[in-house]
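Letter by letter, the chains look like this.
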Amino acid sequence: MKILVCISKAPDTTAKIAFTDGDTKFDEEGVQFIVNPYDEWYALVRGLELKEANGGSVTVLNVGAADSDPIIRKALAIGADNAVRIDAETTDALYVAKQISNYAKEQGFDIILAGKETIDYNGSQIAGMVSELLDSPYISLASKLDMNGNIATIEREIEGGVEIIEVNTPFVLSAAKGMAEPRIPNMRGIMAARSKPLTVVPSSEATAATSIKGFTLPPEKSGCKYVDTAEELVALLHNEAKAI
Amino acid sequence: MSVLIYTDSSNGALTKNAFEAANYGGQLAKAAGTDAIAIVAGSASGLEELGNYGISKVLHVADTELDNFDPQKIAHVVAAAVTETGADTIVFTHDYSGKSVAPRLSAKLDAGLVTGAIALPNGNVVKKAVFSGKAFAEIEITTATKIISVLPNSLDKVETGGSAEVVAFSTEIPSTGITVKEIKKESTELSLTEADIVVSAGRGLKGPENWGIVEDLAKELGAATACSRPVSDIGWRPHHEHVGQTGIAIRPNLYIAAGISGAIQHLAGVNGSKVIVVINTDSEAPFFKAADYGIVGDAFEVLPKMLEAIKQLKA
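Keeping their order, the protein sequence lines are chains A and B. Residues in the first sequence are numbered consecutively from 1, following this note's numbering. Residues in the second sequence are numbered consecutively from 1001, following this note's numbering.
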């Protein structure tokens, strides 16, 4: 079973969010970057579990510049067999999805996994776009994935509940909470990751369809109004906030 | 030149979130001086109600093959409706349906997509929350055809009155290889992302057996219940109740948090809420900085008293 896991570089969940260049660029100064948690905790770990149970390989793929290499090594340390970085400046989701699909269409992956969204741009776009570009079934927001031969049984979020579906490989899936538990790389994994192959491939011709004009920070909250009793709180919520 | 709106349906009726897309698309079309046309896939009734949000016409593909939600089929149907109407803007709701279909449509039409819009576009520029609500971005769509999904509860509803004309529409539906085996609806529970009020609790509740006070208050308020990540990780509450950066993001009118300290990852999932109430015994809990109203006190005392006060208010 050939599994591809798409990973994105994201600022650490506690990173200070600030902007430079006239508020048009994210300020990376002092920011620690991590593997986007949905990609790592849910997509990558489930991919590894499936490989361990059924055999095959897990390739991680990142579209980005050389500064992505540390997070790619982290994914290798967790257990991916090999890695590919498509050397490109990431402009927008459609551009990235085209890079991924142009690479993946020649490779014959059985399963392509990604997290349900990144924690920086919160787009929820890439996996769906890749599925369309590859003309594959797309299972979004999946919380469970089991394989029996080449048939997958998947639970996914739908309106007011979950749906259990079956689909044959190949397919594209976006992973949400429930798929797997986070894994922490051990020393052996970290050492092994240094010698695992990380192949850098050139980007393919593609155009972006959106561009970021600028960023703003949300207005500060005017401050918390402290109250002493539950009765007072309920009265304020009713009369002042008009929330109940 | 028109605005096409995908309005999602489930169990034979439009979803609450369908009206979010209709409201956004209706206002967008009015501002642009063009028509707002909705597309509905699968068996559904009551579609003329969309007229109350500025939709003039509904294209209805009443094919039972679309009753189960399959993004590949629905993207195909919406693309056919784009061709039929000549729409240059397509609107979705940024819920499970929009997240699944809009990216496929974007790739299919090679059209720029902005997901999670929080305001009507300014020309071709759309505003959305990024960095899990810690900032906003203004994103320009540079293609002629534009796709926007609106974050629920972002835009005030404008009721226009009127009834939409429902027109049968048909297109070839591709087979996709996805077979639905079972659907588990949690119909007794209010959907967390759609709830106007959410009552949430964390480790301060000390154990799963103490959740009765949370559930009672939620029931009285017609609210959904939620929890922090540690609480779902240790199994006190189900995973689908976990709100935060790696759980689900919500933006209700009122968010009541009891016994949650307010780690930055939790705030990222709730900072879109209009009013935030924090109840915590620790006056230094970081959550108070993000709160509108706060009580430094014990959830075990405050929540039951709130319940009594709300009952009295209603009486």
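Because the hints were derived from the structure by calculation, they are not lab data. Check the hints yourself; a few may be wrong.
[To be verified] Here are the computed distance ranges between Cβ atoms for each label pair: (1) Ser-1045(B) with Glu-28(A): 45 to 55 Å; (2) Glu-1182(B) with Gly-149(A): 13 to 23 Å; (3) Ser-211(A) with Leu-1313(B): 45 to 55 Å; (4) Lys-213(A) with Ala-1031(B): 12 to 22 Å.
Note that the structure is predicted; figures quoted are calculated from it, not measured. No residue lacks a Cβ here, since even glycine has one placed at the ideal position from N, Cα and C.
Status of the hints after comparison with the structure:
Distance hint check for Ser-1045(B) and Glu-28(A): the Cβ-Cβ separation is about 52 Å, which falls inside the suggested range of 45 to 55 Å. The hinted range of 13 to 23 Å is satisfied by Glu-1182(B) and Gly-149(A), whose Cβ atoms lie roughly 20 Å apart. Look at Ser-211(A) against Leu-1313(B): about 50 Å separates their beta carbons, and that is inside 45 to 55 Å. For the pair Lys-213(A) and Ala-1031(B), the beta carbons lie near 20 Å from each other, so the given range of 12 to 22 Å is met.
Taken one by one, the earlier hints all hold for this structure without exception.
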